[in-house]
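Visitor: Here's the letter readout for the chains.
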Amino acid sequence: MGFYVRPKSLGLNSKPLEPDDNLRTSICCLCNGGCGLKVSLDHEGKVQAVFGDLDNPYNKGKICAKPMEIAQTLYGPYRVEYPMKKVDGKFERITWDEALKLIAQKYNHYIQESGTGSIVGITSKIGGSYSKLAHVIFSKLTGMVNYGTGPICMESEFNVRKEIFGNGSSSGPLSDVVKSKILLIVGNNCAQTKAGQFHWILEAKRQGTKIVVIDTRFTETAQVADRFIQIRPGTDGALGMALLKFIIENDLYDQSFVTEHTNGFEQLAQAVESFSLERAADITGVPSNVIQELARDLASRQPGMLFEGRGIVCVNNAGASIRAFEDLMSILGNVGKEGAGIISHINNYGSAKDLIPKKDVVKSDRKRSAEALYQAMEEGEIKMLFIAGNPCVNWPDSRRMTKAIQGLDFVVSHTLFLDDSAMQADIVLPATHWLEEAGVQASVHRVLQWKDQAAATYAEARSGGDLFRQLAKHMGLETSYFPDSPQKAWELERTHNKSIEGITVERMRKTPGGVHFPCSEDGQEAERLYESGVFPTTSGKVELARANDIAIEYIEVFDSPGNQGVSREKYPYLLSTNKVASHYHTICQYSNWAREMEKQPYVEIHPQTAAELGVIDGEQVRLETVTGSLVLSARITLSVPRGYFSTQPYFGLHSPYGQTPANSLFPVAVDPVGGNFANKNIMCTAKAERGQGQ
Amino acid sequence: MQKIYYQAKHCDGCLACEVACIEKKSLTKSLFMAKMEQPVPKARISFEKFGNHYWASICQNCVEAMCVGACMTGAMQYSETGEVVHNLEQCVGCWMCVMVCPFGAVVPLEDAKKVSKCDLCKDEKTPPCVVACTRKALCYCTPEDYENEG
Ligand code: SF4
Numbered sequence: 001m002g003f004y005v006r007p008k009s010l011g012l013n014s015k016p017l018e019p020d021d022n023l024r025t026s027i028c029c030l031c032n033g034g035c036g037l038k039v040s041l042d043h044e045g046k047v048q049a050v051f052g053d054l055d056n057p058y059n060k061g062k063i064c065a066k067p068m069e070i071a072q073t074l075y076g077p078y079r080v081e082y083p084m085k086k087v088d089g090k091f092e093r094i095t096w097d098e099a100l101k102l103i104a105q106k107y108n109h110y111i112q113e114s115g116t117g118s119i120v121g122i123t124s125k126i127g128g129s130y131s132k133l134a135h136v137i138f139s140k141l142t143g144m145v146n147y148g149t150g151p152i153c154m155e156s157e158f159n160v161r162k163e164i165f166g167n168g169s170s171s172g173p174l175s176d177v178v179k180s181k182i183l184l185i186v187g188n189n190c191a192q193t194k195a196g197q198f199h200w201i202l203e204a205k206r207q208g209t210k211i212v213v214i215d216t217r218f219t220e221t222a223q224v225a226d227r228f229i230q231i232r233p234g235t236d237g238a239l240g241m242a243l244l245k246f247i248i249e250n251d252l253y254d255q256s257f258v259t260e261h262t263n264g265f266e267q268l269a270q271a272v273e274s275f276s277l278e279r280a281a282d283i284t285g286v287p288s289n290v291i292q293e294l295a296r297d298l299a300s301r302q303p304g305m306l307f308e309g310r311g312i313v314c315v316n317n318a319g320a321s322i323r324a325f326e327d328l329m330s331i332l333g334n335v336g337k338e339g340a341g342i343i344s345h346i347n348n349y350g351s352a353k354d355l356i357p358k359k360d361v362v363k364s365d366r367k368r369s370a371e372a373l374y375q376a377m378e379e380g381e382i383k384m385l386f387i388a389g390n391p392c393v394n395w396p397d398s399r400r401m402t403k404a405i406q407g408l409d410f411v412v413s414h415t416l417f418l419d420d421s422a423m424q425a426d427i428v429l430p431a432t433h434w435l436e437e438a439g440v441q442a443s444v445h446r447v448l449q450w451k452d453q454a455a456a457t458y459a460e461a462r463s464g465g466d467l468f469r470q471l472a473k474h475m476g477l478e479t480s481y482f483p484d485s486p487q488k489a490w491e492l493e494r495t496h497n498k499s500i501e502g503i504t505v506e507r508m509r510k511t512p513g514g515v516h517f518p519c520s521e522d523g524q525e526a527e528r529l530y531e532s533g534v535f536p537t538t539s540g541k542v543e544l545a546r547a548n549d550i551a552i553e554y555i556e557v558f559d560s561p562g563n564q565g566v567s568r569e570k571y572p573y574l575l576s577t578n579k580v581a582s583h584y585h586t587i588c589q590y591s592n593w594a595r596e597m598e599k600q601p602y603v604e605i606h607p608q609t610a611a612e613l614g615v616i617d618g619e620q621v622r623l624e625t626v627t628g629s630l631v632l633s634a635r636i637t638l639s640v641p642r643g644y645f646s647t648q649p650y651f652g653l654h655s656p657y658g659q660t661p662a663n664s665l666f667p668v669a670v671d672p673v674g675g676n677f678a679n680k681n682i683m684c685t686a687k688a689e690r691g692q693g694q
Numbered sequence: 001m002q003k004i005y006y007q008a009k010h011c012d013g014c015l016a017c018e019v020a021c022i023e024k025k026s027l028t029k030s031l032f033m034a035k036m037e038q039p040v041p042k043a044r045i046s047f048e049k050f051g052n053h054y055w056a057s058i059c060q061n062c063v064e065a066m067c068v069g070a071c072m073t074g075a076m077q078y079s080e081t082g083e084v085v086h087n088l089e090q091c092v093g094c095w096m097c098v099m100v101c102p103f104g105a106v107v108p109l110e111d112a113k114k115v116s117k118c119d120l121c122k123d124e125k126t127p128p129c130v131v132a133c134t135r136k137a138l139c140y141c142t143p144e145d146y147e148n149e150g
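Read top to bottom, the protein sequences are chains A and B. 1 is the number of the first residue of the first sequence in full-length UniProt numbering; add one for each residue after it. 1 is the number of the first residue of the second sequence in full-length UniProt numbering; add one for each residue after it.
What the hints contain is simulated information worked out from the structure, not anything from laboratory work. Treat the hints with caution; some may be incorrect.
As the list claims (entries may be wrong) - BS3-like, lysine-lysine: derived pairs with alpha carbons at most 25 angstroms apart:
| hint | chain 1 | residue 1 | chain 2 | residue 2 |
| --- | --- | --- | --- | --- |
| 1 | B | Lys35 | A | Lys599 |
| 2 | A | Lys599 | B | Lys3 |
| 3 | A | Lys162 | A | Lys353 |
| 4 | A | Lys498 | A | Lys162 |
| 5 | A | Lys599 | B | Lys42 |
| 6 | A | Lys599 | B | Lys25 |
What the hints assert, rightly or not - To list a few chain A residues with every Cβ distance to chain B over 10 angstroms, as calculated:
| hint | residue |
| --- | --- |
| 7 | Lys62 |
| 8 | Phe91 |
| 9 | Arg635 |
Heads up, the beta-carbon is just placed ideally off N, CA and C, and yes, glycines get one too.
Start from the sequences, fold in the hints, and give me the full structure.
Guide: Here's what the structure looks like:
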């Protein structure tokens, strides 16, 4: 491996990197792809470069740009170095002790005055396994209610899959694609979003797996697929239901699997009854012979796998689409076999039980949905907020979220960067980066991999694991429940959770690529779920229909939450955010390299729509939805359909981009079945913006 | 194998090579029309100025190329004769090659969301950029010739 230089950022006068013969191994903790990394450090223990780990059997040395960019931001001007307190609108340096004391005092005060429900956490970036466990223990001791990554990423996927199979996790490893005959990729641009692991899909293609991509955009993934099916936005459910109907009617499904292992087949057949090929073709814009061919392909090519993406999960009618496709996989018998199953980045290995005695568990006195959180904050019901994430950018109606946070009494942000949300905080605490924390990382291959701390801890940064233990101490809580190191945390978790009992740190260290879970005490690991044919639902079978006996309820995208009642004359187009390879969540925006790759956010527009609006490439366009408007530069491309706009969700005002977050345009609307916020397919209008900036 | 070599000491930053490259990479093969093409064609050679000096970024066809190692689709490959070649059809625009190239020589094509790089214009006897370089800052020769002539 050669030495790594980035000349455009380093310039001619920069010194070459000092050779580091002792590269440290780590695991990328960004997209749950779980790519192995090699990290080169300078003499102070700071990261100087990040490479792919050639010895990792899953990524085989491939990675995407994101971990490299992230490593670059670690020592940049936006990184928080020490705890700070806001005094008269300005941040002032304080010590950790002062900060913890103040937070503890406020915390106890609000619990007494307004109840445990007056304190919530938005904790999508809480840290690695050590921090997560400490956070769980802390929440149990204090009754803190948390909103994690779920509502903004995978709540619907998780909930619907849990209803069907009894477990929201992915059921087959991505590495199984080489053994499958067909891979159905729906609303997922994994060539960009799981770039480090995409070589598996191409390898499968070389070995004869048919790769079918269903998407609204002609994505990079679609470009290398065997078959691309372009579908109208938000109509995936109808396509899935038509496939189900065709397969059921023509007896193309796996009859023995259906009779032995499923419930609700009749209800399913009834629910899809009206979705003839013609009707589906009308709704989706996919010709009926294409749907028919796909159905036949799915039936004849066994085993098959499914890989869904945010394109059908983060939408306002996600419940129906996810259920349709996963029910489809079930009736085809693509469950619990080699080369069959559902691939996902959701890796839920269950939670540790009985970590603290019942007497010390505090239940929150109020529970709210993610949707109701906004109002509760605005009406003063919530007093204190703990942020480990960036809700002012990545939660919908971001402007409303920012205002709501501003109105709270006391806000704490535990963060890497002084981002949009941290700017609203009263106390900002420096967090460690995942390269600075040991822990366990899951991957899209259903394995758990251990990583040691690679880089030296930066300045005064502390991990969530340390933070919560110390905060508990200041609050006068029992601290003996908290582990004091990542190793001890895993030991504690492992011994309290049957599904990972056999996965010791030692074993993970020794096994290249990590250990599959569940893994019982005797060390037997399960590469894929449900091979025994037993499902963790109450009936022990796959539940093809919902508890209310209706299998799937298709809702049209224009009648879905967020679009319901909105005038189609006034807002004739649809707007989505979609991801690119150089950015992740809101953190890569602080990297110069990411900015070099993605100079500015843009909106993709079909040439005909551009002509309607009278804009040419590069001109400014004002997009408007019911929640507000935003100016972006136009990129005219045939990869999006007519009447559809696509932009990127990453950017914030307090970053080098200085950009109003695209999520400001999305109303607070959730999928009624699964509970995911929608950040796609929201009705909008657009016009050319001439001669004015934002 | 012949490569394009750059000698900074002869370069006065006239950018004639860049212009020649744009012309060659345009659909219309005309510099005048190239400006009006959508997307505007991009040169596979680029310059940066440091004080009075110029530095060119152009593919060096490395023997152990970082871009080939980083490419997850196999779009970046070695040809039979040892050049690094890029297959646009296999490219999915993850831009890892852009990230890792130590010469900054891989050019992202934003509109197509792919990349491209110098392909040595094998259809020509001498690459147009080299022809355009009147000061002989660019030369197209084998490594041995380059070593010998300096
Ligand atoms: S694909 Fe995911 S896990 Fe792999 S390097 Fe990229 S962000 Fe990290």
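Visitor: Does each hint fit the structure? Answer for all of them.
Guide: Outcome of the hint check:
no.: 1; hint: B/Lys35 - A/Lys599; in the structure: holds (21 angstroms)
no.: 2; hint: A/Lys599 - B/Lys3; in the structure: violated (31 angstroms)
no.: 3; hint: A/Lys162 - A/Lys353; in the structure: holds (19 angstroms)
no.: 4; hint: A/Lys498 - A/Lys162; in the structure: holds (19 angstroms)
no.: 5; hint: A/Lys599 - B/Lys42; in the structure: holds (16 angstroms)
no.: 6; hint: A/Lys599 - B/Lys25; in the structure: holds (23 angstroms)
no.: 7; hint: Lys62; in the structure: violated (4 angstroms)
no.: 8; hint: Phe91; in the structure: holds (33 angstroms)
no.: 9; hint: Arg635; in the structure: violated (7 angstroms)
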